[in-house]
Amino acid sequence: KNEVEQSPQNLTAQEGEFITINCSYSVGISALHWLQQHPGGGIVSLFMLSSGKKKHGRLIATINIQEKHSSLHITASHPRDSAVYICAVGVGETSGSRLTFGEGTQLTVNP
Amino acid sequence: DGGITQSPKYLFRKEGQNVTLSCEQNLNHDAMYWYRQDPGQGLRLIYYSQIVNDFQKGDIAEGYSVSREKKESFPLTVTSAQKNPTAFYLCASSKNTYNEQFFGPGTRLTVL
Chain P
1 KNEVEQSPQN
11 LTAQEGEFIT
21 INCSYSVGIS
31 ALHWLQQHPG
41 GGIVSLFMLS
51 SGKKKHGRLI
61 ATINIQEKHS
71 SLHITASHPR
81 DSAVYICAVG
91 VGETSGSRLT
101 FGEGTQLTVN
111 P
Chain F
1001 DGGITQSPKY
1011 LFRKEGQNVT
1021 LSCEQNLNHD
1031 AMYWYRQDPG
1041 QGLRLIYYSQ
1051 IVNDFQKGDI
1061 AEGYSVSREK
1071 KESFPLTVTS
1081 AQKNPTAFYL
1091 CASSKNTYNE
1101 QFFGPGTRLT
1111 VL
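Line order of the protein sequences matches chains P and F. According to this note's numbering, the stretch in the first sequence is residues 1 to 111, in order. According to this note's numbering, the stretch in the second sequence is residues 1001 to 1112, in order.
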């Protein structure tokens, strides 16, 4: 069983919809990362968080350490948000280095 | 502009040949990483380096080798010992092991 589980695996939405992607992990962590991978393969780091909530534009990431769960929300979704969203966790002193990755959630936003 | 570059974008090699993938960064980051991505799987760590002249094996280091002679460069060699080398390879860097990672555009390796 993968230590990092994402749901759903695939998500299709209409432009303007509110989107939630979930990530659950089975180990104690020091930080959780949300990444975005575009069709060409390039990956962008969206958030790195260890508690609470972070917001950047239309993106919001939350984490509940006790429940070992994180969510990525996209408000007012747009076709340009179509990408694979990847959750990754870092453990111990290497919170940024030895990451364990989820398999990703493929998001498609239709106009 | 600061960033990470990987070359080439596409690479083809014959079975039994070694091949070296380039990764360069001008972000003045101490830490660098190599990942492999296969369809339907999460990224897996091959090797990482926290500082020049030092590197550690990741989860799937067999059949790969690296060097870190300069802070800016972390080349990955895929050797003939790697049984399934066809994959998408991503290089990343971070200021240190506590910070977020910045990724390069990737190299897609195909073994013919």
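No lab work stands behind these hints: they were computed from the structure. Treat the hints with care, as some may be off.
What the hints assert, rightly or not - Simulated DEER-style distance windows between Cβ atoms:
1) F:E1069 / P:G16: 19 to 27 Å
2) P:G16 / F:K1014: 30 to 38 Å
3) F:G1040 / P:G42: 18 to 26 Å
4) F:S1067 / P:Q14: 43 to 51 Å
5) F:D1059 / P:I65: 18 to 26 Å
6) F:K1083 / P:N10: 27 to 35 Å
7) P:Q106 / F:R1108: 34 to 42 Å
8) P:Q66 / F:G1016: 47 to 55 Å
9) F:P1008 / P:H38: 17 to 25 Å
10) P:A76 / F:K1057: 39 to 47 Å
Every residue, glycine too, gets a C-beta built ideally from N, C-alpha and C.
Now for the hints, and whether the structure bears them out:
1. Judged by the Cβ atoms, the range 19 to 27 Å given for E1069 (chain F) and G16 (chain P) is violated: they are separated by roughly 51 Å.
2. The given range of 30 to 38 Å is broken by G16 (chain P) and K1014 (chain F), whose C-beta atoms sit roughly 50 Å from each other.
3. Checked against the hint of 18 to 26 Å, the C-beta distance between G1040 (chain F) and G42 (chain P) comes to roughly 19 Å, which is consistent with it.
4. About 49 Å separates the C-beta atoms of S1067 (chain F) and Q14 (chain P), a value consistent with the hinted range of 43 to 51 Å.
5. Checked against the hint of 18 to 26 Å, the pair D1059 (chain F) and I65 (chain P) passes, with Cβ atoms roughly 24 Å apart.
6. A C-beta distance of roughly 30 Å is found between K1083 (chain F) and N10 (chain P), which places it inside the suggested range of 27 to 35 Å.
7. Checked against the hint of 34 to 42 Å, the pair Q106 (chain P) and R1108 (chain F) fails, with Cβ atoms roughly 18 Å apart.
8. Taking 47 to 55 Å as the suggested C-beta distance range, the pair Q66 (chain P) and G1016 (chain F) conforms, at roughly 52 Å.
9. Distance hint for P1008 (chain F) and H38 (chain P): a CB-CB separation of about 19 Å, consistent with the stated range 17 to 25 Å.
10. About 44 Å separates the C-beta atoms of A76 (chain P) and K1057 (chain F), a value consistent with the hinted range of 39 to 47 Å.
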